[in-house]
Amino acid sequence: TRAQYVNTQYLNKERMIMRFDCPLSDAIINLQDNLKSASQGYASIHYEIKGYRPYDLIKLDILIANEKVEAFSRIIPREKAVSEGKRIVTKLKETIPRQNFQVAIQAVVGGKIIARETVKAFRKDVTAKLYGGDVTRKRKLLEKQRKGKKKMKNIGRVSIPPEAFLSVMKNS
Numbered sequence: 242t243r244a245q246y247v248n249t250q251y252l253n254k255e256r257m258i259m260r261f262d263c264p265l266s267d268a269i270i271n272l273q274d275n276l277k278s279a280s281q282g283y284a285s286i287h288y289e290i291k292g293y294r295p296y297d298l299i300k301l302d303i304l305i306a307n308e309k310v311e312a313f314s315r316i317i318p319r320e321k322a323v324s325e326g327k328r329i330v331t332k333l334k335e336t337i338p339r340q341n342f343q344v345a346i347q348a349v350v351g352g353k354i355i356a357r358e359t360v361k362a363f364r365k366d367v368t369a370k371l372y373g374g375d376v377t378r379k380r381k382l383l384e385k386q387r388k389g390k391k392k393m394k395n396i397g398r399v400s401i402p403p404e405a406f407l408s409v410m411k412n413s
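Take 242 as the starting number for the sequence shown in our numbering and just add one per residue.
Some hints could be false.
[Unchecked claim] Below, a list of computed lysine to aspartate or glutamate pairs in the EDC-like style, where the Cα atoms sit at most 16 Å apart:
1. K327 <-> D302
2. K332 <-> D302
3. K300 <-> D274
4. K321 <-> D302
5. K321 <-> D297
6. K353 <-> E335
7. K334 <-> E358
8. K411 <-> E320
9. K411 <-> E335
10. K353 <-> E404
11. K300 <-> E311
12. K334 <-> E404
It is worth saying that the hints were derived from the structure and are not from the lab.
The whole structure should be built from the sequences, with the hints applied where relevant.
As structure tokens, then:
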């Protein structure tokens, strides 16, 4: 993390105070839960806002089917951009249901794609009802299916379930 150790003060044999300077965003996200689980419930946290400091931050955007979804956009430290982008697109791939067409999920920083996952499309076996060896008929049906999926991709909207928003907000 980006926390910096300041000092340790022993109150008695069983209790001590450890001081760190840490960005508020790091303190808010999962710190309380991690501290309680690591100390089996014995540790507690107290923080004071020390002030503002300059830091190298960038905006991470998430594109779903080439459309920016502002709900997933966030401002993060530059060094965390790639790992956070990969984490988000992986979580979204797991939670967004399959569509009738392929759905590209991309993490973008300043117009540059840094992570990408694809939700696979449903596939119907259009050749199942064919018997015999008429290859041209088979090719025609597959081409018709391909054109239909391409058309659906152009006009289709991707439905994002509410669980997707929750899973992205949770840090694991």
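Find the hints from earlier in the document that the structure breaks and name them by number, from lowest to highest.
Per hint list: 3, 6, 8, 10 violated.
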